[in-house]
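The whole structure should be built from the sequences, with the hints applied where relevant.
Protein chains: 2
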Amino acid sequence: MTYKADKAIAEFVEQMGLILQAEGLPRIAGHIMGLMIMQEGPFSLSQLAERLSVSRASISTNTRLLEDLEVIVRTAKPGDRQDYFKLSPQPYARLLRGVVRRMRRARDVVESTQDSLPEGMTDTHERLKELDAFYEALIESFMDVVDTWDAERERPARQARQSERPSA
Amino acid sequence: MTYKADKAIAEFVEQMGLILQAEGLPRIAGHIMGLMIMQEGPFSLSQLAERLSVSRASISTNTRLLEDLEVIVRTAKPGDRQDYFKLSPQPYARLLRGVVRRMRRARDVVESTQDSLPEGMTDTHERLKELDAFYEALIESFMDVVDTWDAERERPARQARQSERPSA
DNA sequence: TAGTACGTTCAGTATTGACTGAACAAACTG
DNA sequence: CAGTTTGTTCAGTCAATACTGAACGTACTA
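For the record, the sequence lines run as chains Z and E.
First residue of the first sequence: -14, per my numbering; consecutive thereafter.
First residue of the second sequence: -14, per my numbering; consecutive thereafter.
Source of the hints: derived by calculation from the structure; they are not laboratory data.
These numbers come from a predicted model, not from an experiment.
Mixed in with the good hints, there may be bad ones.
Just so you know, same-sequence chains aren't split out, so a pair can sit in one copy or run between any two.
[As the list claims (entries may be wrong)] With a straight-line cut-off of 27 Å between C-alpha atoms, the simulated BS3-like cross-links for lysine-lysine are:
{"hint": "1", "residue 1": "Lys(-11)", "residue 2": "Lys114"}
{"hint": "2", "residue 1": "Lys(-8)", "residue 2": "Lys71"}
{"hint": "3", "residue 1": "Lys71", "residue 2": "Lys114"}
{"hint": "4", "residue 1": "Lys(-8)", "residue 2": "Lys114"}
{"hint": "5", "residue 1": "Lys(-11)", "residue 2": "Lys71"}
Here is the structure:
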């Protein structure tokens, strides 16, 4: 019964749009990512536009965005001039790396404030120190998750079989 | 030299506005939080409005938001009808709890999709399983950070001295 | 070379939501 | 009771930005 599948796919694509949107990304980027989770692809730009009922311009900008975030990769088919897109091998870990970058920048703000603040303000320095320590713990914790994920990726595990190894 | 301090404070308040905004919260919420990190307060609603040069309406809605997120607490001064606000004891850990809640909802989407998807789609199920495992690892990692923070809070440490114990 | 397919970019539109001013309700003061 | 003070809420405005259609540049094809 393929109707049930279609409905589940449509629902998931829609929800991923909302989830990514809550993370500050365009909704369509979430739709693209959601679709690629549900169906491996690869998809051409035109296919994505038609499948998601949005303009090719939107697909172009959002695929480039996801490409910059290293969530998807652009591939080619022999004898076909179109660009094709599919999920990159470890899309979630790569996405998380971007989050870590953002948190590092936030931490930089805290630390530069610590530097430029007069010594006398002891209480303020303590609160900043606490915030800095919090960021440190969080970043470290994130990196742990990413590293664990990458380690798992070393041995071509069952959970990511096809097209996993870059030098196939 | 208090000019240097004022400049550092203004800069930090502004930056916290941008950081919180990047996390999907209103900029003014970041300003409030930033100010309270730099100066302990407590601040009345009117004080915040004047200090940050925004309307009292904005302060009202944003203090309520931060209150819901458990980042700040509303207090009272004897013989003063105004509400006063200051950072809650472990504001960052509490904020993180909200993030965890959001991620749990996202994970729910993944799992309900797994349930409603026909068994036959093996590859899709594997990708969803990977995403689910990723969320699981992330949530667990977050909870670890929060728990560690809370444990540290148990013994009234040096890094959070005044007004730390609820039953003073 | 002209023609076509493909992806990108740019100006314009539409939507979202942050912020404001004003009206309002509740609690206090004389 | 009338008059303040305080916080909330609501309609309206404004700014940010996601998305579209059209124009453009490039590369392939006949």
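| query | Which earlier hints turn out false for this structure, listed by number in ascending order? | reply | none
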